[in-house]
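Enquirer: Throw the hints in and build the complete structure from the sequences for me.
So the protein lines, in turn, are chains A and B.
For the first sequence, our numbering begins at 1 and goes up steadily by one.
For the second sequence, our numbering begins at 1001 and goes up steadily by one.
What the hints contain is simulated information worked out from the structure, not anything from laboratory work.
Treat the hints loosely; a few may be bogus.
Stated by the list, open to error - Only pairs whose alpha carbons sit at most 25 Å apart, straight line, appear in this in silico SDA-like list of lysine to any residue: (1) K1320(B) <-> R1258(B); (2) K1320(B) <-> S1266(B); (3) K124(A) <-> S1266(B); (4) K228(A) <-> S1071(B).
Note that the structure is predicted; figures quoted are calculated from it, not measured.
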Amino acid sequence: MDFLLEVLSDALGALFGFGSELRRILGLTLVVSLSATVLGVVAGVPLGTWIALGRSRVRSAWLVAVNIGMGVPPVLAGLALLLVLWDAGPLGGLGLLFTPAAMVAAQTLLAIPIAAGVTAGAIKGLPRSAGEQLEALRLSGLQRGRLVLVEVWPGVVAAVAAAFGRVVSEVGAVLIVGGNIVGETRVLTTAIVQETRQSNFGDALALGIVLILVAAAVNGFLTRMQLKGANRD
Amino acid sequence: MTERFDLRFPEDGSVLSIENLTLESSERLVVFGPNGAGKSTMLRLLAGTLAGGPRIEASYLPQRPYFFRGSAGYNMGLGLSAEQASRARSIADRLAVGELLGYEASSLSGGEAQRVAIARALARPEPFVLLDEPLSAQDEQDRMRVAAVVIEEIGDRGAVIVTHDREAAAVLADRMAVLINGRLVQEGEVGEVFSLPATDEVAAAVGIGNVIDGVVGGVDGSLVALETGGLTIWGLGGPGPGSRARAVFGAEAVTLFRGRDGLAGSARNRWVGTVTEVRDLGRLVEVIIDAGVRIAALVTPGSQEVLQLHPGAGVTATVKAAAVRVNPA
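Expert: Quick look at the structure:
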């Protein structure tokens, strides 16, 4: 019991200290995970919409790919990207490895399937009469997509929340392609791993508390958006 | 313009199998049948929302119109050009939902929503119109008014209208087809299908009735007189003198008297004619009378025997005017 209290008091001390290092880690975490969420949503939501709005073998194949993608372990995605960005790899010339850009790329790859899968699920959940009506209206693909996305607005917000949740809590991929370099590519999750390994439990817990606050703030905002869209009988 | 289609669903035709369905431009074909007969499947094949059909150039009103988030007016404008949207608004006005277009679509009643969807479907430019149960959500007092607007706005386009409602069928049809278990079992002029069902199956599904077209001759209070084939038929209805109209009444509403001078009691309609055909339907007998136009009557086997209703017999048929509806045609 004494041990836990001691860790907690260390953590609070670290939080009130809120040094420049912690500020930098928090800033990078927000930039990387929000960028990856935005990119993942921008690519994933239209992909999920396209998958859900038609029946063809190609679309079914994409749905399978998306469902697999949702379950891919982040370390594996990180490893794959590492191989591509490695000096001798196909995109080695870009020099992106161990930069925040590589971290954003890795997390975007993780966010796309989640955003697409949740969106497709929300659209597929519309009643059959909605699909029948959509056909009867003879709209263009773009108009149909816009109409259903507005219709399943809370589902789209859920897709954003799920994508953000996956990237902000993720540690494996950013660790591999970012390298957890102090002041450059260290984010909250990798920092927690680092501090824990060095038995700096108070600092690790402080970072954890900040991570939870970030997640709570973003999800609180998204929940408000969701409720706004849900006021329909 | 005449178009012919073979419709089959699924590929083995187990749900629906129709050969040589004929659609004419400027004709309203009503497909009548019990629930589960395959009517909606047929319409969806024609509309192309179900794969495997011909997907004709048609505006389509689904059985359960779906409204997306937004106002009724926003929903009504979906898929329409500015010009078509303004036409939809004028149809909505005629259907008494023009004032509701600003409200959230989900706040409309079933009947109001259906009328908005009808306005949208009829404002579309395609040469054919496919309507799935267009009057199903309408209250008794609104049905005929909505039907009249539907008929007028279809105009000279071809239409396929699906319904399981006898009255809707009688009012909306130029030609009528009866669909049972995915097969077309009878097709013909609407009065003929009602008064001369081809099989017991059709008789059971359609019921026996009289649908007679004519022109309104005079008006007497709430009654109008429909003139047809030298006969006057009095009934309840709205069409004004000179307009084309259609009288609808059940065969069970017709009372028969033997002889051509029967004492017809208080009934306003009293027609003299000759029995042309007698059909035994089991518990009832259908008697077809030629009184200038064909009239179908249902009597019990007992009355048929007492009145000696056989082909060639002279009879007087009477119907209370209150049992006859005269609708615009």
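Enquirer: State for each hint whether it applies.
Expert: Right, here's what the structure says about each hint:
At most 25 Å may separate the alpha-carbon atoms for a hinted pair to count; K1320(B) and R1258(B) meet this at roughly 18 Å. Distance check on the hinted pair: K1320(B) and S1266(B) sit about 8 Å apart at the alpha-carbon level, within 25 Å; holds. Restraint check: the Cα-Cα separation between K124(A) and S1266(B) comes to about 62 Å, which exceeds 25 Å; the hinted pair is violated. Taken as a hint, the K228(A) and S1071(B) pair is honoured in the structure, with Cα atoms around 17 Å apart against an allowance of 25 Å.
Hint compliance for this structure: hint 3 alone is broken.
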